[in-house]
Amino acid sequence: MIRPILRRVGAGVLVLWAAATAAYLALLAAPGDTVDAIIGDGADTPLIRAQIIQEWHLDRPAVVQYADFLWRAVHGDLGRSYLLQRPVAEVIGGQLAPTLKLAATAAGFGILLALVLALVARRPWVRRLSSTTELVLVSTPPFLIGIVLLSVFSFRLGWFPVSGDRGAAALVLPAITMGLPIAGTLAQVLRDGLDRALEEPFAVTARSRGLRERSVLVRHALKHALLPAVTMLGWSFGVLIGGTVIIEQVFGRPGLGQVTVQAVSSSDLPVVLAVVILAAAVFVVINTVTDLAYLLIDPRLRRS
Amino acid sequence: MRRFRTTFASLLAATLLVVAGCSDGSSGSTADAGAPVSGGSLTWAVETEPITFNPHQYAQAKARLLVWNTFEALLTHDDQGGYLPWLATGYEVSPDGKAYTFKLRTGVTFSDGGRFDAAAVKANIDQLLTPNYAPTVAGVQLKNLDTVEVKDDSTVVLHLKKPDVLILDFVSSPQGAQVSPKSLKEAKNLKAGGPELAGTGPFVLDRYTPGQEVHFTKNPAYDWAPANAGHTGPAYLNEITYRFLKESSVRVGALTSGQVQVIEGVPATDESLVTAGRDFSLARGLNSGSAYSYYFNTAHAPFDDVLVRQAFREALDVPAVLNGVYRSTATRAWSVIGPTSPFYDKSLEGGYSGNAAKANQLLDQAGWATKDAEGFRTKNGKRLTVRLVQSAPFVRDRRDVLAQAVQAAVKQSAGIDVQVQLVDQGTATKALTDGEYELFDNSRADTDAGAALNLLLYSTGAINRTGYKSPELDKLLDDAVATTDRAERARIYQRLQQLVVTEQALVLPLYAPQDQIAASKTVGGVAFEPTAGVPGSAYNLWLSK
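Taken in order, these protein sequences are the chains called A and B.
For the first sequence, the tail end lands on 304 under my numbering, and the numbers increase by one without skipping.
For the second sequence, the tail end lands on 849 under my numbering, and the numbers increase by one without skipping.
If you are wondering where the hints come from, they were derived from the structure by calculation, not from laboratory data.
For glycine and all other residues, C-beta sits at the position ideal for the given N, C-alpha and C.
Please note: incorrect hints may appear among the correct ones.
Partner residues aside, some chain A positions facing chain B, computed with beta carbon under 10 Å [to be verified]: (1) G32; (2) W56; (3) L150; (4) D165; (5) R166; (6) L222; (7) H224; (8) L227; (9) G252.
Just the calculated beta-carbon pair ranges, DEER-fashion [to be verified]: (10) A:E55 x B:R790: 46 to 54 Å; (11) B:K447 x A:G242: 52 to 60 Å; (12) B:N436 x A:A169: 38 to 46 Å; (13) B:G343 x A:V218: 56 to 64 Å; (14) A:L157 x B:S632: 29 to 37 Å; (15) B:T536 x A:G242: 28 to 36 Å; (16) B:A603 x A:G242: 53 to 61 Å.
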């Protein structure tokens, strides 16, 4: 039991290191240097450049800076943001909770809606309608969904506030905006799985035992349909984290997305690296959870 | 020696400004909100979340309205190009122009309880000169500062290495604002600013939620507003929240649905949504500093030839492209200096006209007489191509769209091939450093246009992208800051504009940058900051009951 866990943790650390290193190299290869990024479109004189280089110790070779970064990261020190002049842990820490809250709520809403759509909309014409709606949702940019939802439910009806991370009401519209495309994708995968499962011999057996169709669907077919859906969900968490950028912009919400975009566009290396490490960590955790979920869902995997 | 004249005239100007509600003739909201009342809390949606709340680190004109809620400067600008007392009651300049003596107001306290005095002023400047703290301020605004002398508790003297009238602009600027010496010593994140930095202003910044909002509470002890602030004593509002909403349509929706009472940044495309109802007012203010312009890179072909520079200007029908992108909301610029500056040379207006026939004739004359299969002009088999590199993070006012409009216009009118590159900051800086560009676009919001010109036009200027170096131009720039006589400065800058705009055609001025404020008519006191032309602080805002 201990061994596989150790192997997993080891692999996780390796993934984190690889992600951080790749991000470091990518930023190093990007045109312009850190000094350019800090100067922005402001005054640019040799004196100003010299001071910036001195302040951030940018005169050291890239390898030394990289080693220094790794050494401090291992000790829990992620450094200071070039742009925001605050400790990275503080910059990111403050934005983590709103992002996770939004991602979790959106995922919850998306899963629930997908289950309802896949299980309830079984009649042929309802299926067609549902399936078309799902496709439309998946192919509409979240930005547009957000603006439309805002216009109707915030600006016109006044049910929900437009902005911020202030209580449950402010979470509703962004969570729906993010959850809808997930529900669309997930419902399609679930429905396919259900259809396939219902044609399997075990479904025929179940029916022949006199079970009602509904019961066959929920108690037998759903378990089979869940496997690909769980894989899908692991993937969509990644999409969720990426999608927060636009949602935050539209809804004026705090969160990691805005911080990341700002950090990348201004080559704010410490923040970018911290975000990459964090995202990689989240991915490792989610993948582990999905693997465990497989075991729960499918007894055959437990034996092997 | 010059002294303040805080006379009837400036008070009248201040009153007029407040009543008019804006500096551009559009209707303000004051008339509808009735007489000022104290109390209430207001929410204002702004486009830009400041990178820093430390005024010394200020670099975003869009953040200026927040600075003056918490912090104050020694002087402030009137709307005539002059200065009014603020934390200083007056100043004197020595005859050689190298010593500026400021008499400080007494009885002023920082919100952390500390006393504002000459030692505090010195502490602030010492901090600015600390290595690695504010290199831009130390290298530009304070480059001529020699020493700071504390004469007594309420007198401080700035000794300069050489005469530099821009020191007055500095002591009126956010970078010159006074931060409590205690905060300077103790703040953990000094350069980021925020609640731990105390100022003397009418509000106290007490809560900042990154990505969401910043909240200010009234400073009840406040009693030292400048003469043009609209009233005296504490602010009217008990509290004000600025919410960061980057999407303009979301800001407008939040306003029209009553979730916020004021917004700034209303693009032309969204104006009708605000003005459609009777409940909201819209006001525009023109910014100070340099106009948004295209600067020609004279270091290499084709813009090393003045004929081609003139041809490019004639090839572009500026009002047509401005109308296409901004409808009728943009104010055309004619000079490198913005039209609201006291140094603006009005005689430049109409100097070139967007005459396509003349453009083509000039290009023929310059040797770009042949055309290739795609209709672009060529010379010795080389196409007339010019590159404009825009740094995406700094593109505002849809300047990328404007560039496309310019591209289409000059292609059609004169066969000039403009290549617009919208790139990241690193790539843009690299292109500029390597000289891989022919057009450079820029506007600066400096309150004294001279500060902008020093950076943009001086032969060693920090953002001189024209590559044009001339002793005459440098001398004009030097002379213009060596005297405190405003009429003399205006004369010098007039000559400079003739040289740069008319004779050398170094620049194609496009429009005067502006800010817009839309407000519910229940909000009174909405105004633009005199001279700067950006939204003012919350000091004089009130909510009618």
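Structure-based check of all given hints:
no.	hint	verdict
1	G32	2 Å, holds
2	W56	9 Å, holds
3	L150	6 Å, holds
4	D165	6 Å, holds
5	R166	8 Å, holds
6	L222	39 Å, violated
7	H224	42 Å, violated
8	L227	37 Å, violated
9	G252	4 Å, holds
10	A:E55 x B:R790: 46 to 54 Å	38 Å, violated
11	B:K447 x A:G242: 52 to 60 Å	45 Å, violated
12	B:N436 x A:A169: 38 to 46 Å	45 Å, holds
13	B:G343 x A:V218: 56 to 64 Å	59 Å, holds
14	A:L157 x B:S632: 29 to 37 Å	33 Å, holds
15	B:T536 x A:G242: 28 to 36 Å	52 Å, violated
16	B:A603 x A:G242: 53 to 61 Å	42 Å, violated
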